[in-house]
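Knowing the structure of chain X, use the given hints to seat chain C on it.
Spelled out, the chains give:
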Amino acid sequence: MPTKVLIVDDEEDIRSYLDSLLSDNGYETVLAEDGEDGYRKLSDFTPDIIILDIIMPNQTGVGLYRKLKKSGEYKDIPVLVLTGVSSYKDFFNRSHLTLPRPQAFMEKPFVTEELLAKIESLVSQKE
Amino acid sequence: MNKSLARLFCNLKDDDCHIRFAAARTLGEIGKGIPSVEESLIEALRDKTWFVRLSALQSIKDLQLGPTAVIDNIVPLLKDEHEDVREYAALTICDLGSLAAPAASSLAELLSDPVWYVRGTVAWVLGQIDCEPKQLCSSLLPCLGDSELEVRIAAVKALAEGGCNSSGEIVRVLEEITKDGGQPPEVQQEAGDALRKIGVSGDAMEERETGRKVCQQKS
Numbered sequence: 864m865p866t867k868v869l870i871v872d873d874e875e876d877i878r879s880y881l882d883s884l885l886s887d888n889g890y891e892t893v894l895a896e897d898g899e900d901g902y903r904k905l906s907d908f909t910p911d912i913i914i915l916d917i918i919m920p921n922q923t924g925v926g927l928y929r930k931l932k933k934s935g936e937y938k939d940i941p942v943l944v945l946t947g948v949s950s951y952k953d954f955f956n957r958s959h960l961t962l963p964r965p966q967a968f969m970e971k972p973f974v975t976e977e978l979l980a981k982i983e984s985l986v987s988q989k990e
Numbered sequence: 082m083n084k085s086l087a088r089l090f091c092n093l094k095d096d097d098c099h100i101r102f103a104a105a106r107t108l109g110e111i112g113k114g115i116p117s118v119e120e121s122l123i124e125a126l127r128d129k130t131w132f133v134r135l136s137a138l139q140s141i142k143d144l145q146l147g148p149t150a151v152i153d154n155i156v157p158l159l160k161d162e163h164e165d166v167r168e169y170a171a172l173t174i175c176d177l178g179s180l181a182a183p184a185a186s187s188l189a190e191l192l193s194d195p196v197w198y199v200r201g202t203v204a205w206v207l208g209q210i211d212c213e214p215k216q217l218c219s220s221l222l223p224c225l226g227d228s229e230l231e232v233r234i235a236a237v238k239a240l241a242e243g244g245c246n247s248s249g250e251i252v253r254v255l256e257e258i259t260k261d262g263g264q265p266p267e268v269q270q271e272a273g274d275a276l277r278k279i280g281v282s283g284d285a286m287e288e289r290e291t292g293r294k295v296c297q298q299k300s
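Residue numbers (the numbering used here), protein chains in the order written: chain X, 864 to 990; chain C, 82 to 300.
In isolation and in its complexed conformation, chain X is listed as follows (with noise of 0.2 angstroms):
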């Protein structure tokens, strides 16, 4: 069964450029272009993985995370932050939350081989 990943970003370069960069390495592929449209991709797909866009009109990645962790059903789902703005990670790593923190961040514009690695180390981690 092929690893199942949900990509979330709004930029349809980058949507689509993910898109033939995973199928080709044999996963499948489900596109979500802000917070809103992933959450709603999730009732019929579940995906083993997701790359989260963070700056996205409606729902942000921000937003969609915390959602996606206190939801029970979704709370377990690796989730790869992908964004253009590192200092993003301050919504994410100060402890006033109780959530857990991603389990990675990659900065656009990223090296496709580093990207393939992070997202197979963390569906193993998973498994």
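Where hints are given, some of them may not hold.
As the list claims (entries may be wrong) - Now the stretches of chain X that chain C is said to cover, found in silico as 3 or more residues with beta-carbon under 8 angstroms: (1) 891-905; (2) 920-930.
Stated by the list, open to error - Every beta carbon over 12 angstroms from chain C, so not counted as near; a handful from chain X, in silico: (3) Met864; (4) Thr866; (5) Lys867; (6) Arg878; (7) Ser886; (8) Lys933; (9) Ile940; (10) Gly947; (11) Thr975; (12) Ala980; (13) Gln988; (14) Glu990.
To be verified - Take a look, some chain C residues computed to stay more than 10 angstroms from chain X by CB distance: (15) Gly147; (16) Leu192; (17) Thr202; (18) Ala204; (19) Gly263.
Hints in this document: simulated from the structure, not taken from any laboratory.
All C-beta atoms in this analysis are idealised placements derived from N, C-alpha and C, irrespective of residue type, glycine included.
Same frame as chain X, now just chain C:
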């Protein structure tokens, strides 16, 4: 002015919000100590696109502006229409530590924000900025009944920070939480941990409790 700075200032006024966003971030990376950069970022805090405002805010946070500049320009963002901007504004104000006290009442207004994580963050921030214990208690007590567990826990953490200044009132509130059966176990646990952190030992808590019971019996 060098050419790259001039280009970035120009980009901050571009029609494309993504270009303005990137310019605001880059200015934060290279602009430390350059007054014209600080001024242009302050202006970008009023951009019509929320993520450009957030980007400018992040850069201002990185540049560590003085307390007056932060209070004057960031406090209005506590009322921003976007929740991430409101939360990040609170975190930026928090960096001022005790110098952020003038913003305490504006922060406290956000404890009724519709978004739970804004309320949670602000509750925690209030504990970090040396509020008056009385003000801290009166602001945070309603949070102990918040519908979100995270907000209650953040409020207890904030009370614990305030209690580090050995306020009897905060210790009393924390003690009450540990005995309040209506509070979820996580909140009671956090209050117990807070009391231990402050230095109120289990024995001392027991003595206080015994003393209270004796007083009640006498009355």
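Comparing the hints with the structure gives:
no., hint, result
1, 891-905, "violated (count 0)"
2, 920-930, "holds (count 4)"
3, Met864, "35 angstroms, holds"
4, Thr866, "30 angstroms, holds"
5, Lys867, "28 angstroms, holds"
6, Arg878, "15 angstroms, holds"
7, Ser886, "26 angstroms, holds"
8, Lys933, "8 angstroms, violated"
9, Ile940, "19 angstroms, holds"
10, Gly947, "8 angstroms, violated"
11, Thr975, "22 angstroms, holds"
12, Ala980, "27 angstroms, holds"
13, Gln988, "25 angstroms, holds"
14, Glu990, "29 angstroms, holds"
15, Gly147, "19 angstroms, holds"
16, Leu192, "14 angstroms, holds"
17, Thr202, "6 angstroms, violated"
18, Ala204, "8 angstroms, violated"
19, Gly263, "20 angstroms, holds"
This entry does not satisfy hints 1, 8, 10, 17, 18, going by the numbered hints stated previously.
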